[in-house]
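Based on these hints, arrange chain H on the given structure of chain R.
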Amino acid sequence: MSWFIALRAILHREALRFVGQRGRLVAALVRPLVWLFIFAAGFRAALGLSITPPYQTYITYETYIIPGLLGMICLFNGMQSSLSLVYDREMGSMRLLLTSPLPRWWLLMAKLLAGTLVSILQCMIFLGIAAIWGIRPPVVGYFAVLPALLVTGLMLGALGLMLSSVIRQLENFAGVMNFVIFPMFFMSSALYPLWKMREVSPLLADLCAVNPFTQAVEMIRFALYGQPNLPALGWTLLALVAFAGVAVWGYDPARGVQSRKG
Amino acid sequence: MRRISALAFTLLASTAMADGQIWVTNEKDDTVSVIDVDTLEVVQTYPTGERPRGVTFSHDYSRLYICASDSDTVQVMDPNTGEILRDLPSGEDPEQFILHPDNRHLYIANEDDAVTTVVDTENRRVVAQINVGIEPEGMAVSPDGKIVITTSETTNMAHWIDTSTHELFANTLVGARPRHAEFTEDGTKVWVSSEIGGTITVFNVADQSELGKVRFAIQGVNDDLIQPVGMKFSPDQTKVYVALGPSNHVAVVNAETLEVEKYILVGRRVWHMAYSPDQTQLFTTNGVSGDVTVIDVAREEAIKSIKVGRFPWGAAMRPTSN
Numbered sequence: 001m002s003w004f005i006a007l008r009a010i011l012h013r014e015a016l017r018f019v020g021q022r023g024r025l026v027a028a029l030v031r032p033l034v035w036l037f038i039f040a041a042g043f044r045a046a047l048g049l050s051i052t053p054p055y056q057t058y059i060t061y062e063t064y065i066i067p068g069l070l071g072m073i074c075l076f077n078g079m080q081s082s083l084s085l086v087y088d089r090e091m092g093s094m095r096l097l098l099t100s101p102l103p104r105w106w107l108l109m110a111k112l113l114a115g116t117l118v119s120i121l122q123c124m125i126f127l128g129i130a131a132i133w134g135i136r137p138p139v140v141g142y143f144a145v146l147p148a149l150l151v152t153g154l155m156l157g158a159l160g161l162m163l164s165s166v167i168r169q170l171e172n173f174a175g176v177m178n179f180v181i182f183p184m185f186f187m188s189s190a191l192y193p194l195w196k197m198r199e200v201s202p203l204l205a206d207l208c209a210v211n212p213f214t215q216a217v218e219m220i221r222f223a224l225y226g227q228p229n230l231p232a233l234g235w236t237l238l239a240l241v242a243f244a245g246v247a248v249w250g251y252d253p254a255r256g257v258q259s260r261k262g
Numbered sequence: 001m002r003r004i005s006a007l008a009f010t011l012l013a014s015t016a017m018a019d020g021q022i023w024v025t026n027e028k029d030d031t032v033s034v035i036d037v038d039t040l041e042v043v044q045t046y047p048t049g050e051r052p053r054g055v056t057f058s059h060d061y062s063r064l065y066i067c068a069s070d071s072d073t074v075q076v077m078d079p080n081t082g083e084i085l086r087d088l089p090s091g092e093d094p095e096q097f098i099l100h101p102d103n104r105h106l107y108i109a110n111e112d113d114a115v116t117t118v119v120d121t122e123n124r125r126v127v128a129q130i131n132v133g134i135e136p137e138g139m140a141v142s143p144d145g146k147i148v149i150t151t152s153e154t155t156n157m158a159h160w161i162d163t164s165t166h167e168l169f170a171n172t173l174v175g176a177r178p179r180h181a182e183f184t185e186d187g188t189k190v191w192v193s194s195e196i197g198g199t200i201t202v203f204n205v206a207d208q209s210e211l212g213k214v215r216f217a218i219q220g221v222n223d224d225l226i227q228p229v230g231m232k233f234s235p236d237q238t239k240v241y242v243a244l245g246p247s248n249h250v251a252v253v254n255a256e257t258l259e260v261e262k263y264i265l266v267g268r269r270v271w272h273m274a275y276s277p278d279q280t281q282l283f284t285t286n287g288v289s290g291d292v293t294v295i296d297v298a299r300e301e302a303i304k305s306i307k308v309g310r311f312p313w314g315a316a317m318r319p320t321s322n
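Those sequence lines, one after another, are chains R and H. Reading the first sequence from the start, the letters are residues 1 to 262 in the UniProt record's numbering. Reading the second sequence from the start, the letters are residues 1 to 322 in the UniProt record's numbering.
Everything labelled a hint here was simulated from the structure, so no lab data went into it. Computed from a predicted structure; not experimentally measured. Hints may be right or wrong, so weigh each one.
Claimed, not checked - Residues from chain H that face chain R, not an exhaustive set, calculated with beta carbons under 8 Å: (1) N248; (2) V252; (3) G267; (4) T293; (5) V297; (6) A302; (7) I303; (8) K304; (9) S305.
Glycine included, every Cβ here is placed at the ideal spot set by N, Cα and C.
Only chain R is shown next, with the shape it has when bound in the complex (with noise of 0.2 Å):
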């Protein structure tokens, strides 16, 4: 019982946080936005992209992206929610939680969840605005874009966590914005097609493909058209199981980094 009272409050205490904080809704919906109205308009192919799946004709360069911003707006949400632990940890009420005698992965996933249930908000709120702009997936996607958008959620978030372990200063947030955050984003399918950057370099897109934000985009793109995409549903789940194991365990205070940094 009491592992749900928990869990309540944390989400509630994310719910709190996200209405309160109202900038922090523009600012999570602003640079997507950003990238959607300004620089796939600079990019605009108003030609046509050839047809990869799950497109069935030829589709204009802000359709393509979209599955991108949305992975973006999930990363960014992630992060943010994961790293706020690194100064929640040292005064905020996580402080108290941790110091709970519910386990610590209970407490951590119940964070995570109220972390990605914020992401697909956002995430919706901007499919909102995309459809106004004009790209509409169809109905079922906005459906069957909800799992994929939660286990989005739950792998990045988790990624978060396993760095927010390691990190002792909120400081540190603009190296992870330079090794994690822009790596991933621009070393996936969010704003070209793999085989695009196969022309360029093979390696490269064999780094993009086994990068797990590529297999959640994937994952998304396949879902806004209501088609299942296994394979990178299974390789974000996978990397979602290996995030959270070491996440568990830095935050572990008998064995993991915690209690090293003493």
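Only chain H this time, still in chain R's reference frame:
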């Protein structure tokens, strides 16, 4: 979720789509591809003469006429077997043609000879050759069969032919390189598209006066690439779908105001179009990308592109009964 969507799709498919085929000429492959409207897949490919372009069915769909431009002939194919039954005398380099409402006479534009040839498909004889402008291409016949229009690409004119005398009774200037003409269902207006001019000129048939021009502009696409060719009226005649060549778009034009309402992204270098039997889908031939894009007419959205042969050009519909 998938099951629900699959069910919805099946329901939609069974109610909205009638059985039929779209026959597409492949200019470079010297073939015709047959697309099943139900499955949206190529079900058959038949060899034809060299460089097949214009294509149309006889009114009972028992014969397919194909302009084999580089073979200098119009071929007659049995669509049930794909067998070429005979070649019709067509004059040199036939590019487009139109079957008269009498279901017997073909009016053929002979690009190299600056003539329009009238061929009787029953006794396979040339009935008349009418001198028109240089490089004739677009052909249209009024619904009552009294007027045939030939457009000449180099003279930049629409030539008005009286079908009872086989003589020109009017010539009207249009934008540069006119390549296609289309009458309204009631026969009161005719639309002529000009590829290089990038415009469509709309004429009043009664006095051959110009009623207006349609102009195009696609955001992010150079004007030079906007080259209107094929046109199709919507079933209710309120809209006209215009294939815009290398701009890779089909424009939706309001037939009353002559304003463009929407541009639909399709494959590369779109030439001509054909409706599905129930007119809920429009099939566009995309020359450079070698495929046919299917447009959902109600939603005015491209839903699928189907690979066919190299350089697909003309398209014609044939209903089938299962």
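Going through the hints against the structure:
Interface restraint check for N248 (chain H): the shortest CB-CB distance to chain R comes to about 5 Å, inside 8 Å, so the restraint holds. For V252 (chain H), the interface hint is violated, since its Cβ never comes within 8 Å of a Cβ in chain R; the closest pair sits about 14 Å apart. The beta carbon of G267 (chain H) comes within 6 Å of a beta carbon in chain R, closer than 8 Å, and the hint placing it at the interface holds. Residue-level restraint check for T293 (chain H) holds (minimum Cβ-Cβ distance to chain R is 6 Å; threshold 8 Å).
Because the closest C-beta pair between V297 (chain H) and chain R is about 15 Å apart, greater than 8 Å, the hint is violated. With its C-beta approaching chain R no nearer than about 4 Å, A302 (chain H) sits inside the 8 Å limit, and its interface hint holds. The closest approach between the C-beta of I303 (chain H) and any C-beta of chain R is roughly 6 Å, which is under the 8 Å cut-off, so the hint is satisfied. Annotation: K304 (chain H) was flagged as interfacial toward chain R, and the flag holds, the nearest CB pair being 4 Å apart, inside 8 Å.
Restraint check, S305 (chain H) versus chain R: the minimum CB separation of about 4 Å is within 8 Å; hint holds.
Figure legend: structure checked against the earlier numbered hints; hints not met, in rising order: 2, 5.
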